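Using the sequences provided together with the hints, build the complete structure.
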Amino acid sequence: MAAVDTNAGFRRALSAEWTKLRTDTGNLWMLLGTVLLTVGIGAGVAGTTKCPSVGCGQDAGKLSLTGVMAGQVVVAIVAVLMVGNEYSTGMIRTTFIAMPRRTEVLAAKAAVLSAVTAAAGLLSVLGAILVGKLVLPGNGFTARNGYAALLGDGGTLLRVVVGSVLYLVLVALLGLGIVTAVRSSAGAIGIVLALLFVFPILIHVVSNPTWQRHLNQIAPMSAGLGVQTTLDVAKLPIGPWQGLGVVALWAVAALVIGGTLLRTRDA
Amino acid sequence: MTLTENQTPRTSPPLSDGGRAGFGRLLHAEWTKFRTVRGWAFGMIGALVVIVVVGLVGTAASNQNGGGGALPVGPGGEAVNDSFSLVYQPLSGDGSIVAEVTSLTGVVAAGGPNSGTTAGLAPWAKAGIIVKSSLDQGSAYAAIMATAAHGVRMQSDFTQDTAGLSGTVSSASPRWIKLVRSGDILTGYDSTDGSSWTEVGTANLSRLPSTVYVGLFTTTPEAATQTGTGVGMVPNVATGTFDQVTVGSGWNQGSWTGKQIGRDAGTSGSYLPNTSASYHQDGNSGAITVTGAGDIAPVVGGSAFASGRPIENFLVGGFAGLIVVIVIGAGFMTAEYRRGLLGVTLAASPRRGRVLAAKGLVLTTTSFVTGVLAAVIALPIGEAQSNSNGFYVATVPFGTELRVMLGMGMLLAAASVLALGIGTIVQRGAIAIAIPVVAMVLPYILATSGALPDGASNWLLKVTPAAGFAIQQSLKVYAQVYTTYNPSSGYFPLAPWAGFAVLCAYAAAAYAIGAVLLRRRDV
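Chains W and Z, in that order, give the protein sequences. Numbered per numbering that gives the first Met the number 0, the first sequence spans residues 0 to 266. Numbered per numbering that gives the first Met the number 0, the second sequence spans residues 0 to 522.
Hint data in this document are derived by calculation from the structure and do not stem from the laboratory. From a predicted model like this one, the values you see are computed outputs, not experimental measurements. Glycine included, each C-beta is placed from N, C-alpha and C at the ideal position. Heads up, some of the hints might be wrong.
To be verified - Quick list of the computed label-pair ranges, beta carbon to beta carbon:
id : chain 1 : residue 1 : chain 2 : residue 2 : range
1  : Z       : His27     : W       : Arg11     : 46 to 56 Å
2  : Z       : Pro396    : W       : Ser52     : 36 to 46 Å
3  : Z       : Val476    : W       : Trp240    : 38 to 48 Å
4  : W       : Gly56     : Z       : Thr35     : 52 to 62 Å
5  : Z       : Leu401    : W       : Gly56     : 50 to 60 Å
6  : W       : Thr209    : Z       : Ala504    : 57 to 67 Å
7  : Z       : Asn203    : W       : Gly56     : 39 to 49 Å
8  : W       : Gly56     : Z       : Ala507    : 53 to 63 Å
Okay, here's the thing in structure tokens:
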């Protein structure tokens with residue numbers, strides 16, 4: 000009896016979160032922006048990169064999906080606003096009066112956000128891959144130069160696509176966890192962007208291979224985007240799926256901290 | 000009715016006389032808001048701390064290849080390579096030296112370790128005559144030399160370089176070179192036959208001592224090879240042959256002494272295993288051969304400076320500080336929209352353009368001070384840490400160091416205005432933060448990661464706000480030194496101030512659009 004009640008409550012929470020997300024037209028524009036940015040930047044990079052000879056060392060998968068680096072920011076904004084807007088408008092109190100189980104609210108938000116991000120992410124990634132497939136062979140990414148299967152075999156391609164979509168979902172969840180912890184969309188987006196972008200620059204400066212390797216293993220963006228690699232996978236500082244696992248750890252840690260604070264704090 | 004009500008305050012004496020005083024009050028009001036909102040005041044201090052701390056992390060690792068220590072510094076204040084094989088004699092007063100360079104050959108490492116050597120030379124391998132004020136590294140000098148692929152060059156004090164005769168040297172086509180001292184002035188000449196001379200250039204070495212070291216030198220930087228992952232450098236050793244060496248016009252020929260200047264080959268050269276600086280005088284012809292490696296040139300970044308760091312690397316934390324400042328800058332405006340405070344603010348001072356100006360002034364001042372303070376703390380710490388961890392630090396003239404430090408403040412100030420402008424336009428905090436961060440930081444990451452081809456990287460650093468980071472480029476491009484001059488080795492496509500102007504243009508545009516919208520829109 001109790002179990003049925005809980006399920007019904009969660010379904011209501013899901014439906015409420017979906018309605019909130021759906022009816023703020025800004026979200027629709029931003030998810031559309033994710034797709035356009037990811038595909039557009041991918042097209043720009045694919046169009047300007049040439050592979051003049053055998054062994055030019057360019058990774059066709061990573062090149063086509065360069066736009067994910069920008070797309071992830073939009074996804075993070077959607078995530079951060081999902082909670083940040085409720086705090087800034089005071090809506091969060093209404094939400095908690097209607098649904099006093101706060102963990103359930105967070106879980107519902109996470110579920111809706113994941114679904115929406117996965118959908119937008121899949122469109123973005125497939126679009127970017129398609130553009131890469133069309134454009135790159137004209138720039139020297141040909142069988143003669145070692146790109147017989149442009150993005151690797153079927154298994155690799157599946158890993159690149161599924162992995163990139165999962166990466167976007169995990170970045171969204173990271174943003175959700177952080178904004179739940181700090182309760183301000185401005186502070187949260189600052190933290191997310193710093194986590195994503197400062198590590199790669201720091202890694203560039205450190206100039207000690209051991210440190211660089213370890214930093215690459217823990218930095219969310221560097222470890223996570225390894226899943227897009229189609230060339231020299233063995234040389235990655237951390238395996239593609241393990242790298243995605245690192246991002247998952249970041250996201251889970253943020254959600255656990257955010258969820259704990261949410262339960263123990265006044266709204 | 001409402002119209003007249005709105006107009007009344009504008010024409011009433013207290014505000015109309017209050018041009019400057021009014022703005023002063025406005026400034027004071029904005030400063031009070033900034034100071035008393037805990038997040039903003041602490042945020043600025045946080046930006047300072049984060050710049051220093053991230054810089055500490057960035058320089059905490061030690062150099063696995065060893066090496067490091069202080070680099071010699073040239074007369075101009077810049078770090079230099081001054082390592083070469085020299086055959087010299089000390090000579091006083093004015094005089095001249097002439098030599099016929101009949102060959103310049105070399106060996107390079109064939110690739111991987113223990114894979115032997117092949118004949119070859121870096122394009123900037125050099126053999127010539129030099130007048131140097133002392134045998135210490137970094138001391139003033141003038142030299143005229145034959146190079147492997149850039150003809151005869153007259154060079155002085157590391158940064159000056161003038162071209163003479165072109166073509167390569169051989170016994171069939173030798174190059175005669177001459178250096179004449181007259182007080183502080185050194186004049187270089189070249190010739191194909193030793194009788195008809197052409198002046199190549201002059202060098203004014205201020206306060207040159209009476210006794211100078213005059214001699215023959217050979218040196219060469221490492222040679223570049225294409226590897227799978229880009230340009231790699233392999234050890235290179237050069238040998239120059241000098242015939243008909245004559246010292247005269249006031250100088251009295253003494254005996255020659257051989258010496259390696261610099262304890263090793265510097266940051267851009269290296270000896271092959273089992274080779275070292277050497278010289279040999281032929282008993283019959285009197286021709287002198289000199290073998291050496293290293294370089295006499297300013298330090299540059301990139302592949303020629305593998306174990307070194309330019310000083311802007313110590314400000315890597317600036318990227319984290321930048322994000323903090325953008326959060327504050329955007330929030331300074333969007334918080335007013337969110338809290339509905341803007342209505343009150345604009346009722347108190349209806350000239351909306353001035354409100355934005357006051358906000359901008361408070362933001363730029365505080366972020367500039369924060370950035371400069373952080374740089375003043377982080378630079379010396381980073382330099383000391385890098386030195387003790389075995390990395391070379393590329394010292395720069397004081398003027399350049401000042402530009403890098405002030406640049407940190409200017410970058411933060413420009414970013415804060417960009418964020419303020421975008422915040423006024425979009426009115427939503429998260430978006431107003433994400434746009435400037437992505438516009439400034441993402442192109443920088445893409446351009447310096449080496450993932451994009453150089454053409455695309457350079458384009459990004461010309462047209463996006465990331466161009467502004469050029470203000471912190473401390474190393475110069477020197478045509479007479481070969482390296483990978485590209486964004487991933489710290490070289491921007493635009494000059495420091497030109498790049499910063501691009502960022503300022505974006506900030507100004509965002510600010511202007513924000514000001515227009517603020518005036519036109521309902522609150």
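Is the gap between the beta carbons of Val476/Z and Trp240/W within 38 to 48 Å? Distance hint for Val476/Z, Trp240/W holds at roughly 43 Å.
Would you say the C-beta atoms of Gly56/W and Thr35/Z sit inside 52 to 62 Å of each other? holds, 55 Å
Kindly confirm whether 39 to 49 Å is satisfied by the beta carbon distance between Asn203/Z and Gly56/W. holds, 48 Å
Arg11/W and His27/Z - C-beta distance against the hinted 46 to 56 Å: With a Cβ separation near 51 Å, His27/Z and Arg11/W satisfy 46 to 56 Å, so the hint holds.
Indicate whether the distance between the beta carbons of Thr209/W and Ala504/Z respects the range 57 to 67 Å. The hinted range 57 to 67 Å is violated for Thr209/W and Ala504/Z, with Cβ atoms some 42 Å apart.
Evaluate the given range 53 to 63 Å for the C-beta pair formed by Gly56/W and Ala507/Z. Violated, since Gly56/W and Ala507/Z (Cβ atoms, about 40 Å apart) do not stay within the stated range.
Should the hint that Pro396/Z and Ser52/W are 36 to 46 Å apart at their CB atoms be regarded as holding? 42 Å Cβ-Cβ, so the 36 to 46 Å window holds.
Between the beta carbons of Leu401/Z and Gly56/W, is the distance compatible with 50 to 60 Å? Roughly 40 Å apart at Cβ, these two residues miss the hinted range, so it is violated.
Checked against the numbered hints given earlier, this structure breaks hints 5, 6 and 8; the rest are met.
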